[in-house]
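Undergrad: In case you want the letters, here they are:
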Amino acid sequence: MQTLKHLFLKELTLELRRKSVISGLMLYLFSTAFICYLTFSLRQNQITPLVWSALFWITILFTIINTIAKSFIGEKKGRDIYYFSIASPETIIISKIIYNFLLTVILSFTGFLLFALLLKNPIADLSLFSLTIALAAMGFSASLTLLSGIAAKANNSHILMAVLSFPMVISVLLITVKVTKNCIDGLDRSVSTSDLITLLAINCVVTAASYLLFPYIWRS
Amino acid sequence: MKTWLKILAVALIFYTIVGGFLFSVPRLNIVNETIRALYFHVPMWFGMVALFLISTIYSVQYLRNPTFNKDIFALEFATTGLVLGLLGIFTGMIWATYTWGSPWHGDPKQNGAAISLLVYLAYFVLRGSVENEDQRARLSAVYNIFAFCAMIPLIFVIPRMSSSMHPGSGGNPGFNMYDLDSRMRMVFYPAVVGWILLGIWIATLRVRVRLVNEKLLNLENE
Chain A
0 MQTLKHLFLK
10 ELTLELRRKS
20 VISGLMLYLF
30 STAFICYLTF
40 SLRQNQITPL
50 VWSALFWITI
60 LFTIINTIAK
70 SFIGEKKGRD
80 IYYFSIASPE
90 TIIISKIIYN
100 FLLTVILSFT
110 GFLLFALLLK
120 NPIADLSLFS
130 LTIALAAMGF
140 SASLTLLSGI
150 AAKANNSHIL
160 MAVLSFPMVI
170 SVLLITVKVT
180 KNCIDGLDRS
190 VSTSDLITLL
200 AINCVVTAAS
210 YLLFPYIWRS
Chain B
0 MKTWLKILAV
10 ALIFYTIVGG
20 FLFSVPRLNI
30 VNETIRALYF
40 HVPMWFGMVA
50 LFLISTIYSV
60 QYLRNPTFNK
70 DIFALEFATT
80 GLVLGLLGIF
90 TGMIWATYTW
100 GSPWHGDPKQ
110 NGAAISLLVY
120 LAYFVLRGSV
130 ENEDQRARLS
140 AVYNIFAFCA
150 MIPLIFVIPR
160 MSSSMHPGSG
170 GNPGFNMYDL
180 DSRMRMVFYP
190 AVVGWILLGI
200 WIATLRVRVR
210 LVNEKLLNLE
220 NE
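Chains as they are written, first to last, in numbering that gives the first Met the number 0: chain A, 0 to 219; chain B, 0 to 221.
For reference, chain B alone in the conformation it holds in the complex (with noise of 0.2 angstroms):
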C-alpha cells in the first residue's frame, strides 16, 4: 500500500472520531444523540464488503493462475473483513440497546449478518480440513466465491424485502432520505473511505508478516 494511503486513512479517522463525537447533527426522536453510531456502525459494514469483495477477487485471481500469494491474500482479507464484520455486528447491538431497546432483536438485516458471518466462517473450518496445500487453497477458492454470492441475498435482498427496522426495508426510506442531511455526510463519507483504507492496511500487513513467516520456515528446511 502506498504510504499517502496509509496517512490518508489515519487522518480520516482521526477526522471520523472528532467530528463524529463533536460536530452537530440532527436532532431526532429516539434516535437523539445515539445517531453518531452511524459513522461507525455502517462504515464498518461497508468496510466488510468492501474486504470480502477484495478477497473474492484474489480467489478469481487465483483459480485463473494459481500461485501462493494470491492464496494469502484472499485468505487475509476475508479475515480482516469477517473481524470488521463482528465489529459491525457489535456496534450495532450497543446503538441497538440504546435505540430498540434490546441488544438482539431478530431484525432480518441483523439476522441476514449473522448467518453471512457463519458462511464466513465455515470457510475457515474448510481451510482447517484440508491438509494438501494446493487442494486446500483451490478449493476454499471456490468456496469464498461461492461464500460471496450467497452474502448478497443475505445482506441486500432478503431484509428489504421483510419489514426491518433498518433504512432502505420494507418501505422504509434509504440513506438519504432521512438523515443525511449534508452535516452528515460530511464526517460520513470520509469514515467510510478511512475504514476501508484501514482493513485493506492491516489485511496487507497480515499478509506480508504470513509471506515473511513462509519465506522463514523455507529457509530454516533448507
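Just chain A, same shape as in the assembly (with noise of 0.2 angstroms):
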C-alpha cells in the first residue's frame, strides 16, 4: 500500500516537474477541437448533435491513447530494472492505471470545456454524463496501461499502440457513444442504466485481466 502511494506520488510529481508533456497534450487536444471548430465555423448550423457526439469521442479516444502510450513506451531502459527491484508488478500496474485515470478525467474533461466552449454543448444531462465520462476513463485507462506496456517491448511501439488499442476500446466506446446520446436527448436516467452497468462490468473485467496479466509482461 505504501509502495502503491509512492509510486503514485512519483508519477505525479514526474509530471508536474517536466511539464512539456502534459502541456503538450493540452495542446494536442486543444489544436484537434480547434480544427472541428474552424471546419464548422463555415456552415455553423451543420453541427447535429450527434456530429457533435462523434468529434468529440474521436478527439478524446486520440489523446487517451497518446497519453497513456506515453507511460511505458517513454521510461528509460534502466529504470525498469530499479522499479522492479523495489515494488512487485501488481503495485506498479495498479499506481499506473490511477494515475492514467487520473490523468484520462483531466483530459476528457477539459476537453468537454474546449468543445463546449468552442462548438456548443448539446448535453442536456450533465451530471450523468459526467458519470459517464468517468466510467469511460477507467476502461480506457485500464486497457490501455496494460496494451502500452505490450507494445513497450516490441519495436516500432507507436504504430503497434494504435493497432493494438482500437479493437479492444471499442466495446467501451460503444457503450459511451449510447449513452452520449441518451444524455443529449435528456432521456430519463433509467434508460441509461443497464448500459452504464454493463461498462462498469467490462471495467472490472479489464482491470483484472491487466492486474493478472501484467506480472507476466514485466518480468521479461
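Mixed in with the good hints there might be a few duds.
[Stated by the list, open to error] Subject to a maximum C-alpha distance of 20 angstroms in a straight line, what follows is the list of computed SDA-like cross-link-like pairs (lysine to any residue):
#1 K177/A x F155/B
#2 K180/A x G105/B
#3 K177/A x N110/B
#4 K75/A x Q134/B
#5 K177/A x M160/B
#6 K177/A x G105/B
#7 K180/A x M160/B
#8 K119/A x R42/A
#9 K69/A x V129/B
#10 K180/A x N110/B
#11 K177/A x H104/B
#12 K69/A x S128/B
[Claimed, not checked] Covered stretches of chain B (in silico footprint by chain A; criterion: 3 or more residues with CB under 8 angstroms from a CB of chain A, positions within the stretch not fixed):
#13 117 to 129
#14 135 to 141
[Stated by the list, open to error] Just a few of them, taken from the derived set where beta-carbon distance is under 7 angstroms, the chain A residues facing chain B:
#15 I149
#16 A153
#17 L159
#18 V162
#19 L163
#20 P166
#21 M167
#22 I169
#23 S170
#24 L173
#25 V204
#26 L212
#27 Y215
#28 I216
Everything labelled a hint here was simulated from the structure, so no lab data went into it. C-beta: ideal position from N, C-alpha, C; glycine also.
Starting from two chains that each stand alone, build the complex the way the hints lay out.
TA: Dropping the structure here:
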C-alpha cells in the first residue's frame, strides 16, 4: 500500500516537473478541438448533436491513446530494472492505472469544456454525462495501460499501440456513445442504467485482466 | 486427435450437408428456404468461439509453464478460429443478402463480429513485430487472453442490449423459441459438433506441420 502511494506520487511529481508532456497533450487536445471548430464555423448549423458526439469521442480517444502510450513507452531502459527491484508488478500496474485514470479524467473534462466553448454544448443531462466520462476513462486507462506495456516491449511501438488499442477500446466506446446520445436527448436516467452497469462490468473485467496479466509482461 | 473423432467429424459434416439441404424445414415468412443457412452460418461462430477458447487455454498454460509447443498450439488455434470467423461473416453476408436485402446491414452483432476479428488480426500483427522468440510468445499469450476477454462483450453482451435483427437480441426470441423445432435440432446440433471437430482437426494438423518444420530447421542448423 505504501509503495503504491509512493509510486503514484512519483508519477505525479514527474509529470508536474517536466510540464512539456502534459502541456503538449493539452495543446494536442486544443488544436483538435480548434480544427473541428474552424471546419464547422463555415456552416454553423451543420453540427448536429450526433456529429458533436462523434467529434468529441474521436478527439478524446486519440488524445487518450497518446497519453497512455507514453506511460511505458516513454520510460528509460534502466529504470525498469530499478522498479523491478523495489516493487511488485501488481503495485506498479495499479499505480499506473490510477494515475492514468486521473490524467484521462482531467483531459476528458478539459476536452468537454473546450468543445462546449468552441462548438456548443448539446448535453442535456450533465451529471449523467460526467459519470459516463468517468466510467469511460476507467475502462480506457485499465485496458490501454496494459497494452502500452505490451507495445513498449515490441519494435515500432507507436504503430503497434494504435493497432492493438483501437479494437480493444471499441466495446467501451460503443456503450459510451450510446449513453452520450441518451444524455443529449435528455432521456430519463433509468434508460441508461443498464448500459452504465454493463460498462462498469466491462471495466471490472478489463482491470482484473490487466492486474493478472501484467506480471508476465513485466518479467521479461 | 483420436482417429474415431476424425471419422466422427467427417461423418457429421457429411450428414449436415446432406441433411441440411434435403430434410424438411419449417416454412417461415421472408426466411423461407434460406433458413438452411442456419446449419452453416451459426456453427461457424460456435466453432470460432470454441477454437479461440482453446487458444486462450493454451495461452494461460503457456504463462504458467512456458514451452515452445504451447505457443504454437495457441497460435494455430487462433488462426483456424479466425478462418472460421471469416467464413461465419461471409455466410452471414450471403444469408443477409436474401433476407435483409443487402450483405452489410450495420447490425450490432455483425459489427461486433467484425471488430472481434480485428482484435484477433491485431494479435498476428503483434506476433509479427516482436523479434525475440520468448518475448513474442509471452506478449502474444498475454494479448490473446486479453483479446478473449474483449471479444465476449462484443459478441455476446452488446448486441443483446441494442436492437439487432439476430435472434436473442433486443427482445427478439432466442434460438429455442422461434425456429428450432425438433426437425432442425436433428441437423443443427450435429452440425455444431462436426464443425468444431473439423476446426480442431485442421488446427492440430497445422500445429504438426509447424513442429515438423521447426525440427527440420534445427537439423539443418546442426
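Undergrad: State for each hint whether it applies.
TA: We went through each hint and held it up to the structure:
no.: 1; hint: K177/A x F155/B; result: holds (17 angstroms)
no.: 2; hint: K180/A x G105/B; result: holds (18 angstroms)
no.: 3; hint: K177/A x N110/B; result: holds (15 angstroms)
no.: 4; hint: K75/A x Q134/B; result: holds (19 angstroms)
no.: 5; hint: K177/A x M160/B; result: holds (11 angstroms)
no.: 6; hint: K177/A x G105/B; result: holds (15 angstroms)
no.: 7; hint: K180/A x M160/B; result: holds (15 angstroms)
no.: 8; hint: K119/A x R42/A; result: holds (13 angstroms)
no.: 9; hint: K69/A x V129/B; result: holds (19 angstroms)
no.: 10; hint: K180/A x N110/B; result: holds (19 angstroms)
no.: 11; hint: K177/A x H104/B; result: holds (18 angstroms)
no.: 12; hint: K69/A x S128/B; result: holds (19 angstroms)
no.: 13; hint: 117 to 129; result: holds (count 7)
no.: 14; hint: 135 to 141; result: holds (count 4)
no.: 15; hint: I149; result: holds (5 angstroms)
no.: 16; hint: A153; result: holds (5 angstroms)
no.: 17; hint: L159; result: holds (6 angstroms)
no.: 18; hint: V162; result: holds (5 angstroms)
no.: 19; hint: L163; result: holds (5 angstroms)
no.: 20; hint: P166; result: holds (4 angstroms)
no.: 21; hint: M167; result: holds (5 angstroms)
no.: 22; hint: I169; result: holds (5 angstroms)
no.: 23; hint: S170; result: holds (5 angstroms)
no.: 24; hint: L173; result: holds (6 angstroms)
no.: 25; hint: V204; result: holds (6 angstroms)
no.: 26; hint: L212; result: holds (5 angstroms)
no.: 27; hint: Y215; result: holds (5 angstroms)
no.: 28; hint: I216; result: holds (6 angstroms)
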